[in-house]
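Colleague: Generate coordinates for the entire structure from the input sequences, incorporating the hints supplied.
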Amino acid sequence: MPAKFEIYKDKKNEFRFRLKAANGEIIAAGESYPDKKSVLKGIASIQKNAPIAKIEDTTIEAEAKKPAAKKPAAKKTAAKKPAAKKAATRKPAAKKVAENKPAE
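Residue numbering for the sequence shown follows this note's numbering, starting at 1 and increasing by one per position.
By construction, these hints were calculated from the structure, which means they are not laboratory data. All figures in this text were calculated on a predicted structure; none of them were measured in a lab. Don't take each hint at face value.
With a cut-off of at most 25 Å between alpha-carbon atoms, the simulated SDA-like pairs for lysine to any residue come out as follows [said to hold, decoys possible]:
1. Lys48 <-> Phe5
2. Lys37 <-> Glu6
3. Lys11 <-> Met1
4. Lys37 <-> Ala64
5. Lys11 <-> Ala28
6. Lys9 <-> Ser38
7. Lys4 <-> Lys20
8. Lys4 <-> Ala44
9. Lys36 <-> Gln47
10. Lys48 <-> Ala64
11. Lys37 <-> Ile26
12. Lys11 <-> Lys48
DEER-style ranges, computed between Cβ atoms [to be verified]:
13. Tyr8 <-> Gln47: 16 to 26 Å
14. Ile7 <-> Glu63: 31 to 41 Å
15. Glu14 <-> Asn49: 36 to 46 Å
16. Lys9 <-> Glu63: 33 to 43 Å
17. Pro2 <-> Leu40: 10 to 20 Å
18. Ala21 <-> Lys65: 31 to 41 Å
Backbone N, C-alpha and C fix where the C-beta goes; we use that ideal spot for every residue, glycine too.
Modeller: Take a look at the structure:
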């Protein structure tokens, strides 16, 4: 299925459109229009102008003018206190009881 324009009404009951890719994901959305005739004109304008539209990347100039970002200061972590050692509570080893064997 090819991409398609979908017309719908928003919560304010105004007309809008969205362009859905073949997989159903929304790849573009239009502004609100007062009536269906206007939304159809908006879609027609995109269909006409999109194939010849150039890409203008305004982030390139903005990045060049922006001063170099400072590295954030390293976070100071509170010194960890050593865990208190628990006293060893070992049970005394069981003594082996010699079996009463008759002497040979």
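Colleague: Which of the numbered hints above does this structure break?
Modeller: The structure conflicts with hints 3, 4, 10, 12 and 15, although it agrees with all the remaining ones.
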